[in-house]
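Colleague: Between the sequences and the hints, there should be enough to build the whole structure, so can you do that?
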Amino acid sequence: MNAKEVHSGGFRPLIDWRKAFLDTTTRVFTALMIAAGAAVYVIKGPDVFYAAVREELWLLLAFTPKMMLAFFVAALVTALVSRELVARWLGAQSGVRGMAMAGGIGAVTPGGPMVSFPLVTALADSGAARPSLIAYLTSWTTLGFQRIMIWELPLLGIEYALIRLIVSLPLPFIAALVSMRLPLTDRETVSREAGK
Amino acid sequence: MIVGILFPALFAVILAIVARRRSPAMVRAAVRSAFGRFVEIMPKIAAALIAAGFVGKLVPASLVGEHIGRDSGFYGIMLATIAGGVMPGGPIVTFPIVIVLMKAGAGYPQVVAFLTGWSVFALHRMFIYEIPMMGWQFSAVRLTSSLILPPLAGYLTMMVMAVFGSPPALF
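Protein sequence lines correspond, in order, to chains G and V.
Taking numbering that gives the first Met the number 0, I'd label the letters of the first sequence as residues 0 to 195.
Taking numbering that gives the first Met the number 0, I'd label the letters of the second sequence as residues 0 to 170.
To be clear, the hints were calculated from the coordinates, so they are not data collected in a lab.
Some clues are possibly wrong.
[Stated by the list, open to error] Here are the simulated DSSO-like cross-link-like pairs (lysine-lysine), alpha carbons at most 27 angstroms apart as the crow flies:
no., chain 1, residue 1, chain 2, residue 2
1, V, Lys102, G, Lys43
2, V, Lys43, G, Lys18
3, V, Lys43, V, Lys102
4, V, Lys43, G, Lys43
Modeller: As structure tokens, then:
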């Protein structure tokens, strides 16, 4: 979805103001902000209220330029790494090499679940091995560069983001190895019989 | 602070050069798309962060510290794993909560377990995408294979922090 928007750019209005300021998520969060703010003002007093406002505004100020940069990087990666490219890389490998490839590719796959899941479904149908699919999905969720760029680096800082990244490196392989020990699903049984 | 912005900036420049080689229009389109997404998401994040700041003032820090604080060990990691696993919604909800927890004294190993639990279990994503597209059996296999991951990530974080020391407090 995003890749198309990026490539065909120019047709999409630059900013969807209604979506930005009036959609449900914004309204819910704004309501929550007002309610929690009122509660702090009443329960904890005006001093705590203003201190909280100051703290959050500073955080927001520090966070804004980093986030903007992160969106630029995410848009470039989305344009450079197309879904077809990911499918080709993933489909060509199997075994331990396939698991390692899948782990690496999961981490650079841009976009949300509406990009990843159709891809995984297509790969499963074309006979990709289960450990590779599991490694791919686990890597996409725990090592995904987009989440690290957009959320963790701006909000938590490089030290904390780095620690989480390092400890998460082995996770896709562990999940893949565990998954090899589990019984076959109906779908896998069918495609295995068909392969005979 | 400086490193936090230099690293993504360097990455952005390298990518922009690569993309420019392929087509200059790609860079322009990326700038437009990035700016659009940024403006769309910013009001939500601003409201969520400020709301989280207020909620943080209301949540008693002793409660957070006692259950998922630095010294909460195995119990804290398991509690954080479960809390992360049942967290509905995406990063706009989760990261402000993480900030509230860290401000209130949650330990980072527990935060990592929380984030990993949220990432791999993500029940909303499972019900909307994974089960309809891959079947419940695949989801069950993936879930079973992932059960150990959040506590493991929490423990590894503990080990990393024991060896290298913990980074300076954020908030």
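Colleague: Check each numbered hint from earlier against the structure, then list the numbers of those it violates in ascending order.
Modeller: none
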